[in-house]
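Chemist: For reference, the chains in residue letters:
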Amino acid sequence: MPQGTFCNTTPIGSEEELKALLGDKGGAQYYEEMKELDVDSDALGALLEKTCQSRIHTWLEICAHCGMCADSCFLYRVNDRDPKQVPAYKIQSTLGELVKKKGKVTNEFMRHCVDVAWSQCTCCNRCGMYCPHGIDMGVMFSYLRGVLNSQGFVPWEMKIGSGMHRVYNAQMDVTTEDWIDTCEWMAEEYEEEWPGLEIPIDKEDADIMYTLNAREPKHYPEDLAEAAILFHLAGENWTVPSVGWEQTSLAMFAGDWAACKMQVESVYKAIERLRPKRVIGTECGHAHRATVIEGPYWAGREDGLPPAPYIHYVEWVAEALRTGKLKIDPEKKIKEPVTLQDSCNYVRNHGLAKATREIMSYIAEDFREMGPKREHNYCCGGGGGFNGIGKYRKERNKALQTKRDQILATGCKLVIAPCHNCWDAIRDLEEEYEIGIRWSFLKPLLIKMVIVPDHLKLPEE
Amino acid sequence: MIAFLTGPMLWVSLLVFFGGLTVRAVMYVRGLNWQLDRVAYKPHMSLGLRGAIHSIRCWLIPGGTYGWRQQPFMATGFFLFHIGAILLPLFLIGHQELLKMAFGFSLPTIPSSVADALTVLAIIGGFMLAIRRIALPEVRILTTAYDWFILGISVAPFVTGFIARLHLGNYDFWLTCHILTGEAVLLLAPFTKLSHIVLFFMSRGQLGMDYNIKRGGAKRETAFPW
Chain A
1 MPQGTFCNTT PIGSEEELKA LLGDKGGAQY YEEMKELDVD SDALGALLEK TCQSRIHTWL
61 EICAHCGMCA DSCFLYRVND RDPKQVPAYK IQSTLGELVK KKGKVTNEFM RHCVDVAWSQ
121 CTCCNRCGMY CPHGIDMGVM FSYLRGVLNS QGFVPWEMKI GSGMHRVYNA QMDVTTEDWI
181 DTCEWMAEEY EEEWPGLEIP IDKEDADIMY TLNAREPKHY PEDLAEAAIL FHLAGENWTV
241 PSVGWEQTSL AMFAGDWAAC KMQVESVYKA IERLRPKRVI GTECGHAHRA TVIEGPYWAG
301 REDGLPPAPY IHYVEWVAEA LRTGKLKIDP EKKIKEPVTL QDSCNYVRNH GLAKATREIM
361 SYIAEDFREM GPKREHNYCC GGGGGFNGIG KYRKERNKAL QTKRDQILAT GCKLVIAPCH
421 NCWDAIRDLE EEYEIGIRWS FLKPLLIKMV IVPDHLKLPE E
Chain B
1 MIAFLTGPML WVSLLVFFGG LTVRAVMYVR GLNWQLDRVA YKPHMSLGLR GAIHSIRCWL
61 IPGGTYGWRQ QPFMATGFFL FHIGAILLPL FLIGHQELLK MAFGFSLPTI PSSVADALTV
121 LAIIGGFMLA IRRIALPEVR ILTTAYDWFI LGISVAPFVT GFIARLHLGN YDFWLTCHIL
181 TGEAVLLLAP FTKLSHIVLF FMSRGQLGMD YNIKRGGAKR ETAFPW
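So the protein lines, in turn, are chains A and B. Okay, so the first sequence: first residue is 1 according to the numbering used here, each after it adds one. Okay, so the second sequence: first residue is 1 according to the numbering used here, each after it adds one.
Watch out, some of these pointers could steer you wrong.
[Claimed, not checked] So these bits of chain A aren't anywhere near chain B, every CB distance computed over 12 Å:
1) Tyr31
2) Thr175
3) Gly235
4) Glu375
[To be verified] Some, not all, of what chain A presents toward chain B, calculated at C-beta under 10 Å:
5) Asn349
6) Leu352
7) Trp439
8) Ser440
If you are wondering where the hints come from, they were derived from the structure by calculation, not from laboratory data. All residues carry an ideal CB built from backbone N, CA and C; glycine is no exception.
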C-alpha cells in the first residue's frame with residue numbers, strides 16, 4: 001500500500017483531518033497502515049544527499065567505535081547496560097545504515113528506525129559531551145526524526161502534535177478566542193485577591209512580552225494567573241500577544257521542520273508587531289529550545305537569535321530576586337530539603353544552570369544537588385516526546401528510574417522542576433514508583449514566599 | 001627496495017598524507033552550513049573559535065574532561081598510544097636523518113632511550129585499546145573488521161620498528177615491514193577513519209563552537225564544562 005488513510009507522507013492540513021486522526025484510538029489503524037507504507041527510496045536518497053552534509057557525514061564516518069558514549073546515556077544504563085542501547089550503536093545501525101544504503105531500505109527497517117529514534121533517544125545531547133570526537137548523537141537523532149517524518153514514519157501522537165501546530169498554531173486546540181477568554185477569565189478570577197491585577201493583551205512597546213505553553217491555558221490556567229501575579233508584584237510593564245503566544249513545538253519532537261518554522265514565525269511576528277524590549281518564556285524546556293535556541297534557524301535568521309532578547313522564566317526570576325523586584329520573606333523560605341531538576345533543553349542546550357541555582361539560594365534553606373548535576377544532569381526520562389507516546393509507555397516508565405534514583409539519593413521529598421516535560425515525568429515517576437515525593441513549578445512556590453509590597457496589599461477590612 | 005621506499009615512495013606517501021588531509025579539512029569547513037547545522041558560525045566567529053579551542057584543549061589533556069576522568073582505562077590506553085603516535089614519527093632520530101637526506105633539514109630529535117620507552121608505551125596503549133574491544137560488551141557490539149584493521153595498521157609501524165630496533169631476526173626484513181606499514185598509514189589516512197588525525201580537530205572544534213555560540217557556553221563565566 002503506497003499511502004494509508006492516516007499514516008502517510010501528507011502532513012495534517014485541516015481540523016477535519018486532525019479530528020479524524022485523533023479518532024483512531026491509540027493509533028491502532030495508523031500503526032497497521034505503517035506496516036504497509038511504501039518507502040520512496042529515491043526521495044529519501046535525494047533528501048539525504050541534500051541535507052546530510054559535512055558534520056553528520058563526518059560524524060558517521062569517523063566514529064571510532066570506542067564506546068565511550070555508552071555510559072553517558074541514561075537509557076543504556078537503566079536498561080541493564082544493553083549494548084544495543086549504546087548511543088553510537090543506535091545511530092550507526094539506523095541513520096548510519098540509511099546513509100550507507102542511500103535510502104534503499106525496507107519498510108521494516110524504517111519502522112525499526114522509528115522505534116529507536118523515539119523510544120531509545122530523548123535527544124538530551126548528553127552523549128555529545130562524552131565523545132572524544134565531539135559526535136552528538138542527539139543532534140543526529142533529531143535529524144533522523146526529520147528524515148523518517150518525511151516518509152510518513154512517525155509515531156501517531158507526534159503526527160497529531162505537529163498537526164495541532166499546523167491547524168491551531170499551538171500544541172493543543174486552543175484557538176485565539178479560547179486564549180483571550182482565558183486571559184480575561186484569569187484576570188477576573190484573581191483580581192479580588194490581587195487588586196489591580198491585569199493580563200494585558202497586545203500592549204505595544206511593553207518591557208516584557210510573555211509567551212507560554214498551550215497546556216497552561218488549556219489545562220492549568222492558574223499558571224497564567226500566577227505569572228500575572230508575579231509580574232504584578234514585580235511591577236513589570238508586560239503583555240501577552242493575542243496571536244503568537246504559544247512557544248512550544250511538538251513539531252520539533254516529530255521532526256516536522258516545516259511546521260516548526262510556521263510555529264516559531266508566529267511568535268516572531270508577534271514580537272515584531274508588539275515591539276517588546278524583551279520576551280520571557282514560561283517554565284518549559286522544549287519551548288525555550290524551540291523558540292529561542294533552534295527557532296531562529298528554522299526562521300532563517302542568520303544571527304541565530306530571535307528578533308528581541310528572549311529569556312527563560314528562570315532567568316527572569318533570578319534577575320527579579322537579584323534586583324529586589326521580588327523579595328522573599330525569610331520566614332517563608334523552603335525549610336525542608338529540596339532538590340532541582342535541570343532541564344536538558346535549557347541547561348545543556350542554553351547554559352542556564354547558574355540562574356536556577358541563584359534562585360535556589362534565595363528561596364531554599366536546604367538545597368541539595370542531584371548527582372550528576374548542571375550540564376551533566378540526566379534527562380528526566382521523558383524528554384524529546386517520549387512522555388507523550390503511548391506505544392512506548394513501558395520503555396518510558398523504565399527510563400524514569402534514573403530520575404527516581406537521583407531524587408532518592410538526595411533524600412528530598414520536594415523537587416522543583418521548572419519545565420513542563422520534567423514536571424510530567426516526575427509526576428509520572430511518583431505514580432509509577434510511589435517514592436513519596438512532591439514536585440512543583442517555581443511560580444506557585446514563589447507566590448507563597450514573596451513579600452507583597454504595601455501598595456499592592458488587599459485593603460484591610 | 002629500501003632505497004625506493006625511502007625515496008620516491010616516501011615522497012608520494014607524504015604528499016598523499018598532507019595533501020589528502022588538507023583537502024579533508026577544507027572540505028569539512030566548506031560543508032558546514034549554518035542553517036542545516038543550526039549554528040550561526042559567521043556572526044559569532046570569535047565566540048565560536050573560543051569554544052572550539054577550549055573544547056579541543058580539554059580533550060587533549062589527560063583528565064581534562066569528565067569523559068576522560070570517568071574512563072581511566074580508556075584514557076590511559078588512548079594517551080599512551082597517541083602520544084607515541086605523534087612524537088615518534090616526528091622526532092625519532094632515524095626519521096630525522098631521512099628528512100635531512102631528502103630535504104636537507106631536520107627537526108629536533110628525542111633521545112633514543114625516551115624513544116624506546118615511548119614505543120613500548122604506545123604498543124601497550126594499542127594493546128589496551130584492543131583489550132577493550134574484546135572485553136567490553138558495549139565496545140564489542142560496535143567493533144567491526146574495519147576497526148580491527150585500523151587499529152592493526154596503526155600499531156604495526158611501532159611493533160615492526162621496535163623489532164628492527166632491537167635487531168631481532170632479519171633486520172632488513174623488519175625495517176622494510178616498518179617502512180611499508182608506516183607508509184601505508186600515511187597513504188590510507190585521508191581515505192579511512194585515520195582521517196581523524198585532522199577531522200578530530202574539525203569535529204571537536206565544531207561542537208565547541210556549537211556549544212559556545214548557541215548552547216549557552218557564552219552564558220557561563222567560562223566556556224562549556226567538557
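Chemist: Holds or violated: is the Cβ of Glu375 (chain A) farther than 12 Å from all Cβ atoms of chain B?
Modeler: violated (6 Å)
Chemist: For Gly235 (chain A), is the shortest CB-to-CB distance to chain B above 12 Å, so the non-interface label stands?
Modeler: Consistent with the label, Gly235 (chain A) stays out of reach of chain B, its closest Cβ about 26 Å off (over 12 Å).
Chemist: Quick one: work out the minimum CB distance from Thr175 (chain A) to chain B and report holds if it exceeds 12 Å, violated otherwise.
Modeler: holds (31 Å)
Chemist: Beyond 12 Å from chain B, beta-carbon-wise, is Tyr31 (chain A)?
Modeler: holds (28 Å)
Chemist: Should the interface hint for Ser440 (chain A) be scored as holding, given a Cβ-Cβ cut-off of 10 Å against chain B?
Modeler: The hint is violated - Ser440 (chain A) has no Cβ within 10 Å of chain B, the shortest such distance being about 24 Å.
Chemist: Does Leu352 (chain A) pass the interface hint, meaning its C-beta sits closer than 10 Å to a C-beta of chain B?
Modeler: holds (6 Å)
Chemist: Grab the minimum C-beta distance from Asn349 (chain A) to chain B and call the hint holds if it beats 10 Å, violated otherwise.
Modeler: holds (5 Å)
Chemist: With chain B as the partner, please determine if Trp439 (chain A) meets the hint condition of a C-beta pair closer than 10 Å.
Modeler: violated (24 Å)
Hint compliance for this structure: hints 4, 7 and 8 are broken, all remaining hints hold.
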